[in-house]
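Q: Okay, here's what each chain looks like letter by letter:
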Amino acid sequence: MTTKQLSVFLENKTGRLNDVTKILAKANINMRAFSVADSADFGILRLLVDDTEKAKEELRKNGFAVSVTDIIGIKMANKPGTLNKILDILAEAKVYIEYMYAYSDSDKAITAIKPDDMEKAVKVISENNITML
Amino acid sequence: MIWNETAECMSRDERTALQGKRLKAVVERVYFNCEPYRKRMQQAGVTPGDINSLEDIVKLPFTCKQDLRDYYPFGLLSSPMSEIVRIHASSGTTGKPIVVGYTRNDLGVWNEVGARCLTAYGLGKNDVVQVSYGYGLFTGGLGVHGAVETIGGTVVPMSSGNTDKQILMLRDMGVKALCCTPSYALHLAECIERSGIPRSDFQLKVGIFGAEPWTEQMRKEIERRLGVKAFDIYGLTEITGPGVGHECEFQCGTHINEDHFYPEIVNPETGEPVAPGEVGELVFTTLTKEGMPLIRFRTHDLTKLNYDKCECGRTSVRMSKIMGRCDDMLIIRGVNVFPSQIESVILETEEFEPHFFITVDRVNNTDTFEIKVEVKEQFYTDDISGMLKLQKKLASRIQSVVGLNPTIRLVEPRSLQRSEGKEKRVLDKRVFCN
Chain A
1 MTTKQLSVFL ENKTGRLNDV TKILAKANIN MRAFSVADSA DFGILRLLVD DTEKAKEELR
61 KNGFAVSVTD IIGIKMANKP GTLNKILDIL AEAKVYIEYM YAYSDSDKAI TAIKPDDMEK
121 AVKVISENNI TML
Chain B
1 MIWNETAECM SRDERTALQG KRLKAVVERV YFNCEPYRKR MQQAGVTPGD INSLEDIVKL
61 PFTCKQDLRD YYPFGLLSSP MSEIVRIHAS SGTTGKPIVV GYTRNDLGVW NEVGARCLTA
121 YGLGKNDVVQ VSYGYGLFTG GLGVHGAVET IGGTVVPMSS GNTDKQILML RDMGVKALCC
181 TPSYALHLAE CIERSGIPRS DFQLKVGIFG AEPWTEQMRK EIERRLGVKA FDIYGLTEIT
241 GPGVGHECEF QCGTHINEDH FYPEIVNPET GEPVAPGEVG ELVFTTLTKE GMPLIRFRTH
301 DLTKLNYDKC ECGRTSVRMS KIMGRCDDML IIRGVNVFPS QIESVILETE EFEPHFFITV
361 DRVNNTDTFE IKVEVKEQFY TDDISGMLKL QKKLASRIQS VVGLNPTIRL VEPRSLQRSE
421 GKEKRVLDKR VFCN
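Going down the list, the protein sequences come from chains A and B. Just so we're aligned: the first sequence equals residues 1 to 133 in our numbering. Just so we're aligned: the second sequence equals residues 1 to 434 in our numbering.
Since the hints were derived computationally from the structure, they do not count as laboratory data. Just so you know, not all the hints are guaranteed correct.
In silico BS3-like cross-links for lysine-lysine, where the CA-CA straight-line distance does not exceed 27 Å [what the hints assert, rightly or not]:
no.: 1; chain 1: B; residue 1: Lys389; chain 2: A; residue 2: Lys56
no.: 2; chain 1: B; residue 1: Lys376; chain 2: A; residue 2: Lys22
no.: 3; chain 1: A; residue 1: Lys56; chain 2: B; residue 2: Lys376
no.: 4; chain 1: B; residue 1: Lys304; chain 2: B; residue 2: Lys321
no.: 5; chain 1: A; residue 1: Lys79; chain 2: A; residue 2: Lys94
no.: 6; chain 1: A; residue 1: Lys85; chain 2: A; residue 2: Lys61
no.: 7; chain 1: A; residue 1: Lys120; chain 2: A; residue 2: Lys85
no.: 8; chain 1: A; residue 1: Lys13; chain 2: B; residue 2: Lys424
no.: 9; chain 1: A; residue 1: Lys61; chain 2: B; residue 2: Lys96
no.: 10; chain 1: B; residue 1: Lys392; chain 2: B; residue 2: Lys96
no.: 11; chain 1: B; residue 1: Lys229; chain 2: A; residue 2: Lys54
no.: 12; chain 1: B; residue 1: Lys205; chain 2: A; residue 2: Lys13
no.: 13; chain 1: A; residue 1: Lys13; chain 2: A; residue 2: Lys54
no.: 14; chain 1: B; residue 1: Lys376; chain 2: B; residue 2: Lys393
no.: 15; chain 1: B; residue 1: Lys309; chain 2: A; residue 2: Lys13
no.: 16; chain 1: B; residue 1: Lys376; chain 2: B; residue 2: Lys392
no.: 17; chain 1: B; residue 1: Lys376; chain 2: A; residue 2: Lys13
no.: 18; chain 1: A; residue 1: Lys13; chain 2: B; residue 2: Lys429
no.: 19; chain 1: B; residue 1: Lys389; chain 2: A; residue 2: Lys94
no.: 20; chain 1: A; residue 1: Lys13; chain 2: B; residue 2: Lys229
no.: 21; chain 1: A; residue 1: Lys13; chain 2: B; residue 2: Lys321
no.: 22; chain 1: A; residue 1: Lys61; chain 2: A; residue 2: Lys123
no.: 23; chain 1: B; residue 1: Lys376; chain 2: A; residue 2: Lys61
no.: 24; chain 1: A; residue 1: Lys4; chain 2: B; residue 2: Lys429
no.: 25; chain 1: B; residue 1: Lys125; chain 2: A; residue 2: Lys4
no.: 26; chain 1: B; residue 1: Lys125; chain 2: B; residue 2: Lys229
no.: 27; chain 1: B; residue 1: Lys220; chain 2: B; residue 2: Lys429
no.: 28; chain 1: A; residue 1: Lys56; chain 2: B; residue 2: Lys424
no.: 29; chain 1: B; residue 1: Lys309; chain 2: B; residue 2: Lys321
Ranges of calculated distance between the beta carbons of each label pair, as one might list FRET restraints [stated by the list, open to error]:
no.: 30; chain 1: A; residue 1: Leu17; chain 2: B; residue 2: Arg225; range: 41 to 51 Å
no.: 31; chain 1: B; residue 1: Gly386; chain 2: A; residue 2: Asp105; range: 27 to 37 Å
no.: 32; chain 1: A; residue 1: Ser106; chain 2: B; residue 2: Thr368; range: 27 to 37 Å
no.: 33; chain 1: A; residue 1: Leu17; chain 2: B; residue 2: Thr368; range: 26 to 36 Å
no.: 34; chain 1: B; residue 1: Ser340; chain 2: A; residue 2: Met132; range: 45 to 55 Å
no.: 35; chain 1: A; residue 1: Tyr103; chain 2: B; residue 2: Arg224; range: 55 to 65 Å
Note that the structure is predicted; figures quoted are calculated from it, not measured. Ideal placement from N, C-alpha and C gives every residue a C-beta, glycine not left out.
Generate the whole structure from the sequences, applying the supplied hints.
A: If you want it as structure tokens, here you go:
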């Protein structure tokens, strides 16, 4: 039900993101989603990949600080109002969203959500027949 | 102008005789009143009877900053507490400050040497002096305050901070001389420029600056922007505070009030005196102090001495600008910081690796203080606010130990340089020598 997300600590300097993508390319790992949260001098890169364990190992081997976090990935129709519906459900259940990111392509859209209460979030989302990754 | 011509212009022979007499008295004082000194002299096989003239000073053991920490707070006092009338303190390495105690006579001597400084800057009883050094445990504020009152001038005891009020008082009190750190002087100059108040509204003519190193370029910039003649005032908390030395109108070195504070220059490695005029470590002996006399106190400052008579008429020895330090102490915004202090805080904070790198710079005339640290692998998280909290936690712990708020930069694991033996953990980008 939940999806494993990789979080990589990065200093804010030119070329650091390339270093990550290069390592993943070499290991033949495909990325499904990619987002960067940043502060003044460091950032946290968040990644959904096809082989989380392997990606984690490869990055650690190359000296990166990597942690694995559970998030909810939701596949939904790419049309007006779908994301709003999901967010309403979570808000009504009083689930707080720590962060989220989304992308859409042709008829489908994907959103990755990090709730404060994972159990409750998964429960209300499945009760509403919404497909999780 | 000279405040005390007898003392400041006496011949070298007369002064040497006076210093020898005072040295003998202060050595007797510490030997009979202060156990650590007595023990150390006994270990070195010296008794007060062996000290009969100034040249005998080389027989005496050194005192160092660590002694002030080891005997914290009152172990080096040579007067009973009933005679101590004031305490001052500066930051130390282990979180404990360095504490000094003054008797009433010590304050009198301090006022006397402070009066010599202000007189050398051309100030007198008709002048208003604004003291914008911090008042409190720091010797700056109260030290210069006493000096202004001694010459009969009018003191405006502003202390530090509150720049708008500083400017208001500078203008409305008709202040002739301002005393603060050189970096604060430049900040004030900038704020005055921005305020749009015309320079003609101010009576300011003299700047008295010290407590941190400054360059000739900085002097020129302050003089140009603040429209003052800028003078150096020299002092160390351990010795007494501001007033140990001062520049005169010829500004060719810092005159040391050596009838009270006797300077020597030694080789920092061997402790042997260097030839006159050579660079070495500055060592002070307080010849007249009662509360906490220091015998051959090693400052770790590198400089040289010039014994020639000055054009101003004073015969007191002149010290060149401090050229550096022979230990790893940093002076940041006037505060003494040792890398070992930073290290101990980081070691005590479990989320961080024991590696760090300090960068000190001067941006817009203010010292910057940055520490790079690595978070331990298991403490890197997905949570930005959690990481920021870690940053803040370390910054506030360091602030509570050294008294300065550093900028903490979290860096990636194993990105700080590891080296064999002596690690280079400090980069000081500031330039103090010309």
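Q: So, for every hint listed, does it hold in this structure?
A: Cross-check of the supplied hints:
1. B:Lys389 with A:Lys56: 25 Å, holds
2. B:Lys376 with A:Lys22: At roughly 25 Å apart (the allowed maximum being 27 Å), lysine 22 (chain A) and lysine 376 (chain B) satisfy the hint.
3. A:Lys56 with B:Lys376: 17 Å, holds
4. B:Lys304 with B:Lys321: Status holds; Cα separation ~8 Å.
5. A:Lys79 with A:Lys94: Holds. Lysine 79 (chain A) to lysine 94 (chain A) sits at ~25 Å (cutoff 27 Å).
6. A:Lys85 with A:Lys61: 41 Å, violated
7. A:Lys120 with A:Lys85: 17 Å, holds
8. A:Lys13 with B:Lys424: Given that 27 Å is the threshold and the Cα spacing comes to 23 Å, the pair holds.
9. A:Lys61 with B:Lys96: 43 Å, violated
10. B:Lys392 with B:Lys96: Holds, because 22 Å separates the two Cα atoms, which is no more than 27 Å.
11. B:Lys229 with A:Lys54: 69 Å, violated
12. B:Lys205 with A:Lys13: Not satisfied, since the Cα-Cα distance of roughly 48 Å exceeds 27 Å.
13. A:Lys13 with A:Lys54: 25 Å, holds
14. B:Lys376 with B:Lys393: Satisfied, since the Cα-Cα distance of roughly 15 Å is no more than 27 Å.
15. B:Lys309 with A:Lys13: 57 Å, violated
16. B:Lys376 with B:Lys392: Holds. Lysine 376 (chain B) to lysine 392 (chain B) sits at ~16 Å (cutoff 27 Å).
17. B:Lys376 with A:Lys13: This hinted pair holds, its Cα atoms lying about 20 Å apart.
18. A:Lys13 with B:Lys429: 21 Å, holds
19. B:Lys389 with A:Lys94: 25 Å, holds
20. A:Lys13 with B:Lys229: 45 Å, violated
21. A:Lys13 with B:Lys321: 39 Å, violated
22. A:Lys61 with A:Lys123: 37 Å, violated
23. B:Lys376 with A:Lys61: Satisfied, since the Cα-Cα distance of roughly 16 Å is no more than 27 Å.
24. A:Lys4 with B:Lys429: Distance of about 45 Å is beyond 27 Å: violated.
25. B:Lys125 with A:Lys4: 77 Å, violated
26. B:Lys125 with B:Lys229: With a Cα-Cα distance of about 19 Å, the restraint between lysine 125 (chain B) and lysine 229 (chain B) holds, given a limit of 27 Å.
27. B:Lys220 with B:Lys429: 20 Å, holds
28. A:Lys56 with B:Lys424: This hinted pair is violated, its Cα atoms lying about 32 Å apart.
29. B:Lys309 with B:Lys321: 18 Å, holds
30. A:Leu17 with B:Arg225: 41 to 51 Å: Holds, since leucine 17 (chain A) and arginine 225 (chain B) (Cβ atoms, about 44 Å apart) stay within the stated range.
31. B:Gly386 with A:Asp105: 27 to 37 Å: 32 Å, holds
32. A:Ser106 with B:Thr368: 27 to 37 Å: 51 Å, violated
33. A:Leu17 with B:Thr368: 26 to 36 Å: For leucine 17 (chain A) and threonine 368 (chain B) the Cβ distance comes to about 28 Å; the hint holds.
34. B:Ser340 with A:Met132: 45 to 55 Å: 53 Å, holds
35. A:Tyr103 with B:Arg224: 55 to 65 Å: Roughly 58 Å apart at Cβ, these two residues keep to the hinted range, so it holds.
When held up to the earlier numbered hints, the structure conflicts with 6, 9, 11, 12, 15, 20, 21, 22, 24, 25, 28, 32 and fits the remainder.
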